[in-house]
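We have chain A; now place chains B and C onto it with these hints.
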Amino acid sequence: MNVSIVPALKVLRPAAMLVVVVLVGLVLGYWANATFVPGTSPEQPIAFSHRIHAGENEIPCQYCHTQARRSPSAGVPSVSKCVGCHNEVATERPQIRLLLDYWANQQPIPWIKVHDLPDFVHFTHKRHVLAEIACQTCHGPVETMDRIQLTSRAIDGSTQAGHPWKMGLCLNCHRENEVENGTDCLTCHK
Amino acid sequence: MPNIERREFLKLIGAGSVGVGAGFMLRESAKHPTEYLIPHVVAPEDFSSGIATWYNSVCSMCPAGCGISVRTREGLAKKIEGNPLHPVNQGRLCALGQAGLQVLYNPDRLTEPLRQTAERGSTSFEKITWDEGLDQVGERLDLLRAAGRGNRVALLSQGVRGHLAQLFESFMQQMGSERLLHYDFNHPHTLYAANQRFFGEDRLPYYDLQNTRLLLSFGADYLATWISPVHHSLGFGESRQGRPDIRGKFIQIEPRMSISGAAADEWIAARPGTEGFLALGLAHHIVAEGNYQGADRADWVTALADYSPSQVAEQTGLPVTTIVRLADMFVDIDPSLAIGGGAAANHSNGVDTLVAVNVLNYLVGNIGREGGLVFNPEPSGPVSRRRQASYLSMLELAEAARQGEIDVLILNSTNPVFTLPAAAEFRQALAEIPLIVSLSSFLDETTALADLILPSHTYLESWGDDFPEPGVGFSVGAVSQPVVSPLYNTRATGDIILALAQRIGASNAMPWNSMEEFLKDGWRQIYERGDAQTLAQGFDAFWISVLRAGVWGETTRRNTEFTLERSVIAGIGVQTPEFSGSEEEYPFILHPYLSPNFHDGRGANLPWMQELPDPMTSVVYGSWVEINPVTAEQLGFTEGDLVEIQSPHGTVRAPVFIFPAIMPDVIAMPIGQGHHEYGRYAKDRGVNPIEILSPQIEPVTGSLASSATRVKLVATGRRVKLVKTSGMSRDLGRDIVQTTGPTGVEVSSARPNSIPITEVTS
Amino acid sequence: MSLFSRFMDSWRKYRKPGYYDEFDYHWTMAIDLDKCTGCEACVTACQAENNIPVVGEKEMARGREMQWIRIERYWEGEFPDIKLRFIPMMCQHCDAAPCETVCPVGATYHNQDGLNAQIYNRCIGTRACAVYCPYEVRYFNYYDHHWDSPLDKQLNPDVTVRGKGVMEKCTFCIQRIRQAKDLAKDDGRRRVRDGEVQPACVQSCPSKALVFGDRKDPDSQVFKSMHDPRNYRVLEELNTDSSVFYLKKVDA
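Chains as they are written, first to last, in the working numbering: chain A, 1 to 190; chain B, 1 to 762; chain C, 1 to 252.
Isolated chain A, as found in the complex:
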């Protein structure tokens, strides 16, 4: 390795060199943020575990998300719904104590939204639930998650954690299932 890049450097103006370094840095920084801090699984005010509820105890999704079959939005259970069980169950655990504190103060729990669609998308849980699409199709294996995490489906159908939802997720499914007008923009865009 006898080749020196010094002559090349001398040819390039130092300023140009700087620009290149800054640009490489930009890409690196952007990538690092996207990879290591995806923000698709934030810490919640109460460490609610879907693994325990939906996985181990096999509580059906719609037991808590009662709206899903009636409304565009699946709905978050009211605090009273949680307390309905946790008046009796596991009342001594620290996280349940947190819940009971909210209840005692009649305060709602400020859950952080993970599954978020852009405002220009119209999605209705009702139609999908009634068409018997499994919740996991879009939400991933929720029953295995301690902390809820956004997942996305790749073209091959595999689940990829930490990936944002993209239009392809909807379109692929609509195509596969030959949904009526399933690829018309106005079906989903409002």
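Everything labelled a hint here was simulated from the structure, so no lab data went into it. Be aware that one or more of the hints could be misleading.
[Claimed, not checked] Heads up, simulated EDC-like pairs for lysine to aspartate or glutamate below, C-alpha to C-alpha not over 16 Å straight-line:
#	chain 1	residue 1	chain 2	residue 2
1	B	Lys683	C	Glu57
2	B	Lys721	B	Glu639
3	B	Lys721	C	Glu59
4	C	Lys153	B	Glu112
5	B	Lys127	B	Asp451
6	B	Lys31	A	Glu132
7	B	Lys249	B	Asp334
8	B	Lys712	B	Asp665
9	C	Lys185	A	Glu132
10	C	Lys216	C	Asp21
11	B	Lys249	B	Asp328
12	B	Lys249	B	Glu266
13	A	Lys81	A	Glu56
14	C	Lys185	A	Asp119
15	B	Lys78	C	Asp186
16	C	Lys216	C	Asp24
17	B	Lys249	B	Glu238
18	B	Lys712	B	Glu585
19	C	Lys153	B	Asp108
20	B	Lys31	A	Asp116
21	A	Lys166	A	Asp119
22	B	Lys712	B	Glu644
23	C	Lys164	A	Asp119
24	B	Lys127	B	Glu112
25	C	Lys164	C	Asp144
26	B	Lys249	B	Asp332
27	A	Lys166	A	Asp156
28	C	Lys216	C	Glu22
29	B	Lys683	B	Asp665
30	A	Lys81	B	Glu639
31	C	Lys216	C	Asp194
32	A	Lys113	B	Glu35
33	B	Lys683	B	Asp332
34	B	Lys249	B	Asp265
35	B	Lys249	C	Asp251
36	C	Lys216	C	Asp187
37	B	Lys721	C	Glu57
Showing chains B and C alone in chain A's frame:
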């Protein structure tokens, strides 16, 4: 290894770090901001997220009393539509009614009780608690009541009906005060008086536009501002194209074309104030031609002797042929209907004019028949029309204040400082009242002068009810329920009155804890009048069903037998209208009209209404003065020239708008703008023509003859740009409005529109 | 050459009115000018339903209003024989829409229900469609519009709030059509019934001048209205094959 100088190396490292940091932050900033999912603590029964819930209620943007359905999502009001079950508006609603959402969510609402800390009108307020505010008023009222000086308290409200009106009534009775006034600028006093004189009925009949084949409107802008515009529009549409082979004909007589004039088949401009002569001219011709054969025909011949078409032609400035043609048409087309109101009623001879209109209906037998006018049965709920204050009563109130006879004035959502002419000196009179309390939701011109503001809920947050007058041929009641929970620390008007009643020790006579309780109590009485089927279900079920439907009606019609007293016929006649100001000095008659957008000014704080083009002129965000093109040319005015409009009682400035459908010696100005307070959207925008009106009175009712002021125009040499949408680049021109002959089959009769793209301004 | 002729073939097919061989629904509006009073209730209804911003006096003066439906007015004659004609004007949902051919990113296109669609998140703001539109009914967001709090609480969650640089226009209240279809499915029905969908303007019209429905249904009210002898379409000479029918005002 390459040779890089240490200095160079550090530079590159530095640049690299900046790049990495910037990249990191770029990604971070591109992320969607954190959103929260806030659950209910306890899930409510009546709504679920993502699904709209509709509540039926009553519109109170104008006195028509339409039923509304409010769409709510997640506890927020999203849209107001007409209640399809309500017989007045049948699911339809005007622009102003729909803009009620911007009353509820107006950024300039009064959010908590306030006390004025500096002099009145300074609008420097301090926050107080409800108890402080109520105590302050309550103590004063209690002292006055105990001393038997309750009459030193006055309650001035906007026109309200139903149980709130009744609550005011009992409260003032408990206070021992007679000074309970409802004040609306456009209350049709003259129409009530004319009906009283002619029919012996101090109320409004139902005008059956839907089934009529000819409508003759003397000045009433029935499609935009007169009595019940939405109901009239429904009738208009139905009469025009709702029946096979019958197309209703509409004729409008007014000095300046209104919306109703534009919709009419024929628009006739008679001299302002002579509409009554015209009506009697028609009557003369009908009787003279032998088209009236009643037993009292001889009386009519005598009474109408002075109103032959040729005499009337001289008065009105209309050709005899037109008068004869109208009269013949009114007889030949059956059923026909004549209505009168608006500017025609706002002259010194207003009552005479409207009586003359009734004469027409009487002569051709329109009374009590389909397609004519029908008197409703009495409204089933409380009404307040005898409390409606005329201009004269307001002057009396002001005079009492000046004499120091009034200690406390309670204001409810009425704005007389804005809707009375400056000549009334109402503002100055208010200065003599020691304590002024306002229950308004907004800081309007009158509320700004209050010492204490106890802000009410808006109508979308309160309980109430309404019994629209004239209803629809049978009596209708509608309940208004809160559609959202109160946004701020405000209280319902009824609750404030009840809280004051407690403080004056009137709890025995007024035992209710809340307006809701009082309302239910009142409706229990309506329920008890019901038929067996209603009673069988029990009151609770009845109440729920009324709330669900939002409306309730008694479909019993009253027999409308009507015989005219002979003495009435002898008294028929129209006085010559009187105008303030001499014709030489003040060459123009000012025609102020209610803006369809702002009504009497109450809509001016709604941004949707400000940006809604005025239907006739397409102007937004301002005031203007309408001038006939020929007059404008003579005076050398073009659109946008700022002129001073001077009356014997004041001056306002407004830009000229060339309006092709106005008489050459009349100028018109819309009412509604020109607020000095009333929030960011209304404040300091346009001018208020009411300010310069002369205190000309209609003698029978004591109401203001608001169309009887003469003015002159003085050029200022300045110009402003009128912001409007018509005549701008979006207008298509190019024959887009096509018309056809009366049979409806000529396809080739499309005519070019005479004003296509006039000026394209950038 | 064959490539070119194939291109021309598909172009002609695309330009054929109703290039869908058959529409699924064919949403249509009929406006009876003999009933319209010009009261503008429709304008406010649309503004409330579709999150249309208030642009302010300054922008209005520059002709940058956003109301999707407007009333045009034309004077005819001279005092005293004078008439004022009103005509409501909104997107005509042309089956051969000039705007659709020009969008470089396909943000505006025709869908199977006969609607001229505008997909906001796809729009890049070239404004070409507005130039091509002969009816001048496309409105461009020159700014991000602002709602003074708490006026934003009124915003309809079923409709996007459009951002800066996006073209927008009347959608025939697609959110209401979508909801009606959803309810029809709930009932196990294949089709939406006549009268079940009413755009905000039609719903509010005090004189019932506006009628909306599916023209494929021969029993629908709109089918009857559009076959009224008084019917015409605005700027029909341009062959846009619009979906809004006007009924001539009767001059009696």
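(Q) Hint compliance check: list the failing hint numbers for this structure, sorted ascending. (A) 4, 6, 13, 14, 15, 29, 30, 33 and 36
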